[in-house]
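Chains as they are written, first to last, in my numbering: chain A, 1 to 838; chain B, 1001 to 1289.
Some hints here could point you the wrong way.
To be verified - Label pairs and their computed distance ranges (CB to CB):
no., chain 1, residue 1, chain 2, residue 2, range
1, B, Arg1147, A, Thr762, 29 to 35 Å
2, B, Ala1128, A, Pro503, 58 to 64 Å
3, B, Arg1164, A, Gln70, 30 to 36 Å
4, B, Val1129, A, Ala62, 37 to 43 Å
5, A, Ala328, B, Phe1082, 21 to 27 Å
6, B, Ala1128, A, Glu576, 38 to 44 Å
7, A, Phe678, B, Ile1112, 33 to 39 Å
8, B, Arg1242, A, Asp320, 54 to 60 Å
9, B, Arg1147, A, Phe682, 48 to 54 Å
If you're looking for bench data, these hints aren't it; they were derived computationally from the structure.
Note that beta-carbon positions come from the ideal geometry of N, C-alpha and C, so glycine has one too.
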Amino acid sequence: MSEERHNKALEFHSELDPLYSPPKTRFGFLAATNHSVIGIRFMATAIGFFLIGGILAMLIRAQLAGPNTQFLDPGQYSQVFTMHGTVMMFLFAIPLIEGFALYMLPKLLGARDLAFPRLSAFGYWCYLSGGLILLAALLFGVAPDSGWFMYTPLSSKPYSPGINADVWLLGVTVVEVSAACAAIEFMATVLKVRTGGMALSKMPILAWYLWATSAMMLVGFPPLILGSIMLEVERAFGLPFFDPDKGGDPLLWQHLFWLFGHPEVYIIFLPGAGIVSTILPVFARRPLVGYNWIVAALIAQAFISFGLWVHHMFTTGIPDLSLAFFSAASLLVVVPTAIQIFSWLTTLLKGRPDLSLPMLWIYGFFFIFVTGGLTGVMVAIVPFDWQVHDTHFVVAHLHYVLVGGFVFPVLAGIYHWMPLFTGRRSDKGLGVLAFWLVFIGFNLTFFIMHLTGLLGMPRRVYTYAEGLGWELPNLVSSIGGFMSAVGFGLVLIDVLVQWRFAPFVHRNPWKAGTLEWGMATPIPSYNFASLAHVESRDPLHDDPDLPACLAAGEGYLAGHRGDYRDTLGVDGVTGEPEQIILLPPPSYLPLLTALPLVGVALCFLFSFYVGSVILAVVVLFMALRWLWETGLREDPAPIEAGFGRTLLPHPAVEQAPGWWGMIFTLVFDATFFASLLFGYIFLWTIAPNWPPPRFLEPAPILALLTLASLGLGGFAASRAVAANRQERESSRSSWLLLAAASGVAATFGLLAVPIWLAPPPTEHAYSAAVLMLSAYGAFHTGLSTVGSLFVLARCRRGFVSPLRSLDVRNASLFWSYSAVSGAIIVAVIHLMPLVGAA
Amino acid sequence: MNGMARQRDAGADTDIPGFVEFCHDLPTHRGRMSCPAKSFAGAIAATLLLGACSGELSTLDPAGPAASRIATLWWVMLGGAFVILLGVMGTAIYALRSAAKERNFSTRKVLIGWGLAFPIATLLALMAVSFLPGELLPRSPEENAIRAQAHQWFWTFDYPGGERTIDVLHVPAGEEFAIAITSEDVIHSFWIPRLGGKIDAVPGKVNHIRLKADRPGRYLATCAEYCGIGHAHMRFEALAHRPEDYAAALTAATDRAAARAPVLEQRDAPAALVIEEWGDYLLDWLGIT
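Same shape as in the complex, but just chain A:
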């Protein structure tokens, strides 16, 4: 690096670093929104929970080491295995993925931050609080105890009278809020927040994987959140969704849970596979072969994974035709996996692979994951599943898949990317010993556990008698378990030691080609002093000097343009620079919004429902306060962006990230709604004890009036957009007011049904479902009303102009959604009784 460049780089660093770091005040860390900071918080917290989950696993292995052990009693044992599953799934795996994506995505995409930095921070606070709720319950001995998939009716009030189940439902739901936020944010980020020239076909393969993962999270989590809400209101208020005596069905819970639960497995596996696809070519010293094949495969995998959920329910007595369909779909998902595995093998064969430490973990991944995949094929075969379902065979299978498909690649990733965190070289040594301990320990534990299951040992038994042939395999499993625990301990020590004491290293020690290695190490808070223009998937291979150029400001958006953070926004497909995304400054709002939200859950947990309602209003207020800070109050001028381009800031652009954020939010919302409709129709057609004793009183006039106000509201909101475009300010205000008024009327029309017309919701699942649907519709029309008034206020304050139209467009989009979903609800509620009565 020439002297001049070096000085320039230093200059940029001293200007940018304070701008992108959290405030240096005493509590400034609470206001942090920077993606590296939040990403590391997520990952560190997730690893903390991994250790807790690991300790719980050791308690399980201690208990099962021999027959008739009296270490834990059945009640405690049930809390331990439930929490082991819950912690590992919800508090370790998913948050670790979120943290990893938060940390890596902008770096891979050559950007300075994600699309919605404050949302990242909000998600973190939700995750941390939800996790602490569950953890506190464990310490107080009231942890969930019905198994991590919480099957009803065992988790229903009569069979789980304590707050244990409520802790799960509320705690996990709070954690899922963070998953939902992350999914929306990642979807918008990969689509819009990339560096110049990065067309979809030039994206690093890991970004594709993380994008597919986010899409699955976006549509995978709503069924779980819906199921949790339904079960919680059944437990709290007696709405009998899962009670067969009153027209509910315990199997509805299983459907909703596995609609989430199976995609969840792929949500966990895809990032692991993405890490393999990224690291393996680096150590094979050859670009990944079959990039297009892999992209196609992982999109296929994401789709197919939503058609498999019933394979968790092969023994519930469903019709043979469904069995055959879901068995075939479960086998079909093997194909995209096979394509990935053979792409990796081909890359290895055509390259010059080197067994460094990250590669060692990837070879471990191969062995364990392929084994798990093969046993997965076995359990997809229906008759075989009838034998091994709910036995230790399945326990072994799922650990092979999840530990093999996720933990091993993650460890490879830790060793691979550690120089980024630490700026130091990551070495073999202790790490190799740790690998072999984990690898051998893991296989000792779980390989023989297949046999334990075939010998008939069911899951979740706290002890077993002698003489069934289970003693020896269990003892071996326990020994292996402690061995891998020691191995994981050594990994932790190794990482800490290398973080503090390993020798410093130049950037890009592995000679990788992707942009995350184009930063100084340890990485600076702003990532890049200027943003690259890329022309291939491996820009650092094209131009090894690129990092120095970027640091010296020879790219897009060098330095800063004012007292604000910014990054480049591009056309989603071509990667052409399109806008300058203004990033928000550090803010306490994410924390101050998350706290009352957690309060809502806590009040609910202790049956203080008035408190929940009050705090929900506070959450709404904080959210509006937050939104108030977005946007600009004057039309901006185009800004010089480098390489001779001038671009507008995002508030003045059609396809601002916020527009896509709204679209993805509505995709999430629509999946939630579809799950709700599925539940209603499932109960109506499949559940026992239907039809209900009585239906809704027919009210055609109310139905028509509700429909009319829904239509009027949606129409008025869209007219407000048109008026804004035509610079007719007073007409814009009138349309917004009309939209708000229609919203009030529609809300009233929707709420009138459960309040005055329907039988009491505790009487039958039918009336409970009517209440749930009406509440969903009223929530949306209510929010549309608030939104219309909020945008009206924003207009008055000058946040909206023909150029800066995002507020009105988003309000109108949301109104349209409310109107359409509301109309479906009105039709379902008012028409289906006619069908039922006929």
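Fit chain B to the supplied structure of chain A, relying on the hints for placement.
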């Protein structure tokens, strides 16, 4: 163990007609499985392997046609899986060993052949085998089915003739029998591993299964779906009688079966006390009582 063990006096059942005879059958089923290996070492290995596979709840020690077919399917799949795993790992390690070699085969051909054609062909074959007629058990409702009802944590069995037994299921050997299964409280699972696959007992729903025990004997069953703290001890046994003895055995058993609801004894384990103490301490410290 006895602290939690439920009242189940299998001993009392030994006076059922025919039971003594088939008790002698019990050891022989292991002998039946030892294959006629020629070499001494092979015989030892086979004995060890099959010895490890036997057990009262072992799916690999089948005693009925459904379980037999599944056990065969397992050994076939195990063999196939082993070959595939060996192939993948062998290739990966070979790539490492011969890293310096230049290779220019067609990626496209590999992905079409191994990524698409190979799994599709294998899986279609597997699919076909698994859905061969007879693999899927007929699960339609049946007039003279035995009605099995699960409770936390025991089973009641009601027979077409009005008899009722608790935690002991009497069936005829050598012929198919039908069971209609439901639950009174939470979800349980009906599973006699040596006879065939399991099916859940779901409240509000009746599931059907048909099974067959090849020979008279005692076949242990265990609940597979987690159903609360008594789950580990929720067992029953199926007694298969010679058809000519079945009616008499059923009558005798019904007379004996007093409608005693099994009692679950709670027991404090040392670790329980420690955790509880810590919990109390923490609560005190926080001022919550």
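Hints, one by one, checked against the model:
1. B:Arg1147 <-> A:Thr762: 29 to 35 Å: holds, 31 Å
2. B:Ala1128 <-> A:Pro503: 58 to 64 Å: Given range 58 to 64 Å: holds, Cβ gap about 59 Å.
3. B:Arg1164 <-> A:Gln70: 30 to 36 Å: holds, 35 Å
4. B:Val1129 <-> A:Ala62: 37 to 43 Å: holds, 41 Å
5. A:Ala328 <-> B:Phe1082: 21 to 27 Å: Holds - the Cβ-Cβ distance for Ala328 (chain A) and Phe1082 (chain B), about 24 Å, lies within 21 to 27 Å.
6. B:Ala1128 <-> A:Glu576: 38 to 44 Å: violated, 51 Å
7. A:Phe678 <-> B:Ile1112: 33 to 39 Å: With a Cβ separation near 37 Å, Phe678 (chain A) and Ile1112 (chain B) satisfy 33 to 39 Å, so the hint holds.
8. B:Arg1242 <-> A:Asp320: 54 to 60 Å: Violated - the Cβ-Cβ distance for Arg1242 (chain B) and Asp320 (chain A), about 33 Å, lies outside 54 to 60 Å.
9. B:Arg1147 <-> A:Phe682: 48 to 54 Å: The hinted range 48 to 54 Å is violated for Arg1147 (chain B) and Phe682 (chain A), with Cβ atoms some 26 Å apart.
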